[in-house]
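Each chain, letter by letter, is given below.
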Amino acid sequence: MKKTVLRKPKGFIDVYKHKPGAEKDRTHYCPGCGHGILHKLIAEAMEDLDIVDDTILISPVGCSVFAYYYFDTGNFQAAHGRAPAVATATSRANPDKVVISYQGDGDLAAIGGNNIIQAANRGENIVVFFVNNAIYGMTGGQMAPTTLEGQITTTTPYGRNVDTDGYPMKMCEVISQLTAPTYVERVSLHDAPHIRKARAAVRKALLNAKERKGFQFVEVLSTCPSGWKMDPVKSMEWVKERMMPLYPLGVYRDLGEEARITTRPVPVMDPAAVWEKLGISAEKDVDFPRGEVADEYRKMSIRVAGFGGQGIMVTGQALAGVALEYGYNVSWLPSYGPEMRGGTANCSVNIQDGTIGAAEAVKPGMLLAMNRPSLEKFEKTIVPGGTLIYNSTLIDIEPARKDIKVFAVPITGMADELGNTRVQSLVNIGAYAAITGMFKVEDVITLLPKLFKGKNQAIIDLNAKAVKAGFDYVKENF
Amino acid sequence: MTDAKYPRSEVNLDKCKGCGLCIAACPKQVLVISPKLNSKGYHYAEYMGSGCVGCGNCFYSCPEPDAITVYLRDYDPEKEV
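Listed in order, the protein sequences are those of chains P and R. For the first sequence, the residue numbers in the working numbering are 4 to 481. For the second sequence, the residue numbers in the working numbering are 48 to 128.
Keep in mind that a hint or two might mislead.
[Unchecked claim] Straight-line Cα separation of at most 27 Å, DSS-like style, residue types lysine-lysine; simulated pairs:
hint : chain 1 : residue 1 : chain 2 : residue 2
1    : R       : Lys87     : P       : Lys232
2    : P       : Lys237    : R       : Lys52
3    : R       : Lys126    : P       : Lys11
4    : P       : Lys280    : P       : Lys302
5    : R       : Lys126    : P       : Lys6
6    : P       : Lys5      : R       : Lys52
7    : R       : Lys75     : P       : Lys243
8    : R       : Lys83     : P       : Lys13
9    : P       : Lys6      : R       : Lys83
10   : R       : Lys83     : P       : Lys232
11   : P       : Lys27     : R       : Lys87
12   : R       : Lys126    : P       : Lys5
13   : P       : Lys13     : R       : Lys52
14   : R       : Lys75     : P       : Lys200
15   : R       : Lys75     : P       : Lys11
16   : P       : Lys280    : P       : Lys11
17   : R       : Lys87     : P       : Lys22
18   : R       : Lys83     : P       : Lys11
19   : P       : Lys453    : P       : Lys468
20   : P       : Lys6      : R       : Lys75
21   : P       : Lys11     : P       : Lys237
22   : R       : Lys83     : P       : Lys237
FYI, nobody ran anything at the bench for these hints, they're computed from the structure.
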């Protein structure tokens, strides 16, 4: 139907009830702000395409953070630069909705630079309106990636120097290098004819989005009269004279009829199906009755430390894995250096009946030190009255603490005697079982095939011997 | 110049922030900044009362959603719902 009146479009909320303060009938934008012009084009297009109730707008950080005061759409407000990521999730969870990521240049090109590139590269079904006013407007007019060479801002009082600050970033050119985007155009708001062209671009992008045609990117050259310290009419001239030569207007990508209708695989939401895929059984295999555990060992926080290759992580996983079968809540948190082998490694294990808070054993009740640096580093963190198990084969110093219980176990030596240094972690488990009374040796041995899935019977048998050796050593010597 | 009732541009004076973009955009120069102030303290824009051709430039140039309404040539208040 042909319009007979141009008035506030229905894409806007009647009364801005979410806006604090008394002025619920006008925007918070400064006089002459380009955001208002673009808001109007978007609101009008949403009304005309009948998508107001099917649109979710992601507002950014910047002056347009409050876009949700005005648009009568669904809304999420994203962290700085993360609007494309939030839009991705919103779009994938609601594939039948039009999702708009509305962003400024500081938000999109600086802190969110990678977010926008990855979203564009995935061809997300979203529309990005990128308001480029060559400045950080909301925070007081600092330099943005899009600031022009020589432009004076509060952080470039001598003008942007490309030798120190780099060159203005041309986002349309960057985005149009990617394969996935459907439609990329740069428009300007500096005069009425160009606003009409911007209007056409906004409508085209939203129509494409309504038809699920992938990633739409519209860059809008806009103004910031307050940040630029110019009157609104002058700032429009500045867009024309200064910004447009650097940021050429036009269509950078338009797949037109060739644009694919994007569909995403339906996510698997059934936990049982996921477990089956991962080979995990939801049912418990065993449920061991607990033995006599001394009070001090009922709530365990353990640090296992040594160097990579000593079975540090395996020890931690086995402790947690066995405790789980006694019905404890457990956690295991690894921490290691960048080396794959030979670097330092440690892990934190919690075993208790209550809810586990912090997973890291900052002040452990027990330290299992497999080498000297680990003893030196972590001995002081053990709680008073706590327990230290150390590998006396490799550690040739005496522990300094007198307020803890100490168990010196020749872990590496015992493993070597059994014929394989790698069974150290099972010696550890045996020693732990003997000290705490938390595990029974036969229970651990029953569990070995599950803990070391895919290992042959000879290895499982050797592991069983190692558990027993660790257990017996502690029982006989302490 | 036409004295017909429509087309005409109407400025909601209390919502106008006086930025002047509509005045710069008007091809017929029939919008002016008022010497008077509105309740917000802005010199608001106002329509001179005749000469509007209904191009809509002022509406699309105006950053405020509800500050300008343009009634086009075919506007008929009787048909408005």
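Quick rundown of the hints versus the structure:
1. R:Lys87 x P:Lys232: 21 Å, holds
2. P:Lys237 x R:Lys52: The given pair, whose Cα atoms are some 33 Å apart, is violated under the 27 Å limit.
3. R:Lys126 x P:Lys11: Within the cut-off at roughly 18 Å; holds.
4. P:Lys280 x P:Lys302: 34 Å, violated
5. R:Lys126 x P:Lys6: Measuring from Cα to Cα gives roughly 12 Å; hence the hint holds.
6. P:Lys5 x R:Lys52: Given pair lysine 5 of chain P, lysine 52 of chain R holds - Cα atoms ~19 Å apart, limit 27 Å.
7. R:Lys75 x P:Lys243: 22 Å, holds
8. R:Lys83 x P:Lys13: 31 Å, violated
9. P:Lys6 x R:Lys83: Not satisfied, since the Cα-Cα distance of roughly 32 Å exceeds 27 Å.
10. R:Lys83 x P:Lys232: Answer holds: lysine 83 of chain R to lysine 232 of chain P is near 24 Å, not above 27 Å.
11. P:Lys27 x R:Lys87: Answer holds: lysine 27 of chain P to lysine 87 of chain R is near 13 Å, not above 27 Å.
12. R:Lys126 x P:Lys5: 13 Å, holds
13. P:Lys13 x R:Lys52: Holds, at roughly 25 Å.
14. R:Lys75 x P:Lys200: Given that 27 Å is the threshold and the Cα spacing comes to 21 Å, the pair holds.
15. R:Lys75 x P:Lys11: Holds. Lysine 75 of chain R to lysine 11 of chain P sits at ~23 Å (cutoff 27 Å).
16. P:Lys280 x P:Lys11: 53 Å, violated
17. R:Lys87 x P:Lys22: 17 Å, holds
18. R:Lys83 x P:Lys11: Roughly 24 Å separates the two Cα atoms, so the pair holds.
19. P:Lys453 x P:Lys468: Holds - the C-alpha atoms of lysine 468 of chain P and lysine 453 of chain P are around 17 Å apart, at most 27 Å.
20. P:Lys6 x R:Lys75: Within the cut-off at roughly 21 Å; holds.
21. P:Lys11 x P:Lys237: 26 Å, holds
22. R:Lys83 x P:Lys237: Between lysine 83 of chain R and lysine 237 of chain P the Cα gap is close to 23 Å, so the pair holds against 27 Å.
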